[in-house]
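Engineer: Each chain, written out:
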Amino acid sequence: MREMTVLIWVEHDNAAVKDATLATVTAATQLGEVVALVAGQGCGAVAAAAANIAGVSRVLLAEDEAYAHGLADNVAPLIAGLMADYDAFVAPATTSGKNIAPRVAALLDVMQVSEILSVEGPRTFTRPIYAGNVIATVESRDPKLVLTVRTTAFAKAAPTGGSTTVETIAGPGDAGLSSFVGAQIASSERPELTSAKVVVSGGRALKDAATFEAVILPLADKLGAGVGASRAAVDAGYVPNDYQVGQTGKIVAPEVYIAVGISGAIQHLAGMKDSKTIIAINKDEDAPIFQIADIGLVADLFEAVPDLTAKL
Amino acid sequence: MKILVPVKRVIDYNAKPRLKPDGSGVDLSNVKMSLNPFDEIAVEEAVRLKEKGVAAEVIVLSVGPAKAVEVLRTALAMGADRAIHVQSDEAVEPLAVAKILKAVAGEEQPGLIILGKQAIDDDCNQTGQMLAGLMGRPQGTFASQVVVDGDSVLVTREIDGGLETVKLALPAIVTTDLRLNEPRYASLPNIMKAKSKPLATRTPADLGVDVTPRLATVKVAEPPVRGAGIKVADADALAAKLKDMGVA
Ligand SMILES: Cc1cc2nc3c(=O)[nH]c(=O)nc-3n(C[C@H](O)[C@H](O)[C@H](O)COP(=O)(O)OP(=O)(O)OC[C@H]3O[C@@H](n4cnc5c(N)ncnc54)[C@H](O)[C@@H]3O)c2cc1C
Ligand SMILES: Nc1ncnc2c1ncn2[C@@H]1O[C@H](COP(=O)(O)O)[C@@H](O)[C@H]1O
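Chains as they are written, first to last, in this note's numbering: chain E, 1 to 312; chain U, 1 to 248.
Derived by calculation from the structure, the hints in this document are not laboratory data.
Hints may be right or wrong, so weigh each one.
Simulated crosslink set (DSSO-like; lysine-lysine; CA at most 27 Å straight-line) [what the hints assert, rightly or not]:
| no. | chain 1 | residue 1 | chain 2 | residue 2 |
| --- | --- | --- | --- | --- |
| 1 | U | LYS243 | E | LYS311 |
| 2 | E | LYS276 | U | LYS243 |
| 3 | E | LYS197 | U | LYS231 |
| 4 | U | LYS243 | E | LYS283 |
| 5 | E | LYS197 | U | LYS16 |
| 6 | E | LYS273 | U | LYS16 |
| 7 | E | LYS276 | U | LYS50 |
| 8 | U | LYS197 | U | LYS32 |
| 9 | E | LYS283 | U | LYS2 |
| 10 | U | LYS241 | E | LYS273 |
| 11 | U | LYS16 | E | LYS283 |
| 12 | U | LYS50 | U | LYS243 |
| 13 | U | LYS219 | U | LYS67 |
| 14 | U | LYS50 | E | LYS222 |
| 15 | E | LYS276 | E | LYS311 |
| 16 | U | LYS219 | E | LYS144 |
| 17 | U | LYS32 | U | LYS195 |
| 18 | E | LYS222 | U | LYS231 |
| 19 | E | LYS156 | E | LYS207 |
| 20 | U | LYS2 | U | LYS197 |
| 21 | E | LYS283 | U | LYS241 |
| 22 | E | LYS156 | E | LYS144 |
| 23 | U | LYS197 | E | LYS276 |
| 24 | U | LYS67 | U | LYS2 |
| 25 | U | LYS2 | E | LYS276 |
| 26 | E | LYS273 | U | LYS195 |
| 27 | E | LYS222 | U | LYS16 |
| 28 | U | LYS67 | U | LYS193 |
| 29 | U | LYS20 | E | LYS273 |
| 30 | E | LYS311 | U | LYS241 |
| 31 | U | LYS231 | E | LYS311 |
| 32 | E | LYS273 | U | LYS231 |
| 33 | E | LYS207 | U | LYS219 |
| 34 | E | LYS273 | U | LYS32 |
| 35 | U | LYS243 | E | LYS197 |
| 36 | U | LYS2 | E | LYS273 |
| 37 | E | LYS283 | E | LYS207 |
| 38 | E | LYS276 | E | LYS156 |
| 39 | U | LYS241 | U | LYS32 |
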């Protein structure tokens, strides 16, 4: 079989390459030669960093105000326009990858394969369906592939060790359909939820924002952990939306995941059950979370968590 | 303006899917089916925009087998005005659904199309973005707030780092996230009223759309099961475990 040439979407904030890109590179190298697209504005440093990622054979840099915020309306035509030279487009299954890739697929008249877990053959992939209760093996019959990658399912490519050149390209620019108004991006000293080695998540049992903060954060601080939450905790306003772990939130697979006052609904498990060690603290010994927990503590969290924090 | 809301009949979020013994797919006989939760949120948003006087008519559309009519009736009971059932006994992939929606949008000329961000059966999270691409219209995905303002719409989006607001020229495509609203329960009188609201039946063929799948399912399987672990007696014992693991 001829090796494919694969175009990947580099996820970044115009300053640094995001970790999700590294898993995407690993998945893409299983298909063929990897060319990385850096689209943004004032993102030369990102392109330089992308050129160092092991496994990347070329970097394309498209700078334009229209690409600064990754608007799919502007970025998808840029990517679709490049695809004549590639056999596959691969993006991480992050909110930006999920926003852009299907639009690219539509422009190419291709059915996307979402959130692949593995590459089984040149056109065959596994992916989770039904909140990860079922793993489907699917084969694409389209002439080109458009894939998003579940980043926890692939090892991260080494961020250094490669050395390729950056080629500047021009794209179609502003499609005139939409504009960026603003963003509320929380900055935190904490490790990012999706790349943290340890994650402490809180559920509905945490009562309110102040209690969540008083109980969960000291434990997370002791462990140098990222902080997550169940949908119920987010809906109730204890923490912002980007803390949600689950089928329709973030997918995490840390070394240690500690679920505090979370019942273990399938939608929550879908986002964390590939963690190496799962620890659950819940006062209900029949809570479903205990069916998948490696270590369970049946206790009132308002006593157990401060106690645990003090002992560490 | 009109609002078009595509809705899918899916396995209820509380039900556990069973595999067919031959591993060829998921057995949906005798499983509770419901309106996809994200689509419920989409219907609610459209109905609220109508109640605010922003929209004149809410049209719901479902692609699926005869039973898809059930979720259309649910949406009508929530306050949608009329329904379109695009009959297909085979599962239709997001790309083909998007083509069907584009064809219907060509006839109906909606100012807004509000979809769910994700169907909780295939977990594809594609259809809205594909539709926007096919139509060459702007997209506001994963919306937690939608504000129509003259000939544009401000969409606040739930993204990995927090929230982002974009301004889209109408007509536009929006997909819903969980925090957009809390869908209402249909009242009994409204459920009765829904039975007499107009429901048109179409087919992919009469809309000129080829729904031949592009992806073949080779097989389906259960994920590896995690065995139950151990219980520890107290916080002391748990602290010791964490220290053993080298994380504390
Ligand atoms: C379309 C859709 C998508 C969804 N997506 C997600 C998702 O991505 N992520 C997600 O998490 N959920 C998601 N959900 C919601 C999911 O179904 C559950 O409702 C949610 O996960 C429940 O959150 P919880 O465990 O915090 O709350 P609950 O289920 O209410 O559980 C609270 C737990 O706390 C325990 N508890 C109470 N007090 C104490 C105490 N003092 N000490 C110790 N334990 C205590 C209780 O025993 C209970 O087990 C989704 C639902 C739908 C319909
Ligand atoms: N068969 C269908 N009929 C109507 N709407 C659909 C159908 N499939 C998908 N959709 C819409 O597209 C959204 C995203 O679905 P998906 O891309 O499959 O995750 C859903 O929430 C629906 O709004």
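Engineer: Take the hints in turn and mark each one as holding or not.
Structural biologist: Comparing the hints with the structure gives:
no. : hint                : verdict
1   : U:LYS243 / E:LYS311 : 10 Å, holds
2   : E:LYS276 / U:LYS243 : 16 Å, holds
3   : E:LYS197 / U:LYS231 : 22 Å, holds
4   : U:LYS243 / E:LYS283 : 23 Å, holds
5   : E:LYS197 / U:LYS16  : 30 Å, violated
6   : E:LYS273 / U:LYS16  : 16 Å, holds
7   : E:LYS276 / U:LYS50  : 48 Å, violated
8   : U:LYS197 / U:LYS32  : 25 Å, holds
9   : E:LYS283 / U:LYS2   : 50 Å, violated
10  : U:LYS241 / E:LYS273 : 19 Å, holds
11  : U:LYS16 / E:LYS283  : 25 Å, holds
12  : U:LYS50 / U:LYS243  : 58 Å, violated
13  : U:LYS219 / U:LYS67  : 25 Å, holds
14  : U:LYS50 / E:LYS222  : 50 Å, violated
15  : E:LYS276 / E:LYS311 : 23 Å, holds
16  : U:LYS219 / E:LYS144 : 22 Å, holds
17  : U:LYS32 / U:LYS195  : 21 Å, holds
18  : E:LYS222 / U:LYS231 : 22 Å, holds
19  : E:LYS156 / E:LYS207 : 37 Å, violated
20  : U:LYS2 / U:LYS197   : 16 Å, holds
21  : E:LYS283 / U:LYS241 : 19 Å, holds
22  : E:LYS156 / E:LYS144 : 25 Å, holds
23  : U:LYS197 / E:LYS276 : 52 Å, violated
24  : U:LYS67 / U:LYS2    : 25 Å, holds
25  : U:LYS2 / E:LYS276   : 49 Å, violated
26  : E:LYS273 / U:LYS195 : 43 Å, violated
27  : E:LYS222 / U:LYS16  : 37 Å, violated
28  : U:LYS67 / U:LYS193  : 19 Å, holds
29  : U:LYS20 / E:LYS273  : 24 Å, holds
30  : E:LYS311 / U:LYS241 : 11 Å, holds
31  : U:LYS231 / E:LYS311 : 18 Å, holds
32  : E:LYS273 / U:LYS231 : 18 Å, holds
33  : E:LYS207 / U:LYS219 : 43 Å, violated
34  : E:LYS273 / U:LYS32  : 25 Å, holds
35  : U:LYS243 / E:LYS197 : 14 Å, holds
36  : U:LYS2 / E:LYS273   : 42 Å, violated
37  : E:LYS283 / E:LYS207 : 14 Å, holds
38  : E:LYS276 / E:LYS156 : 16 Å, holds
39  : U:LYS241 / U:LYS32  : 41 Å, violated
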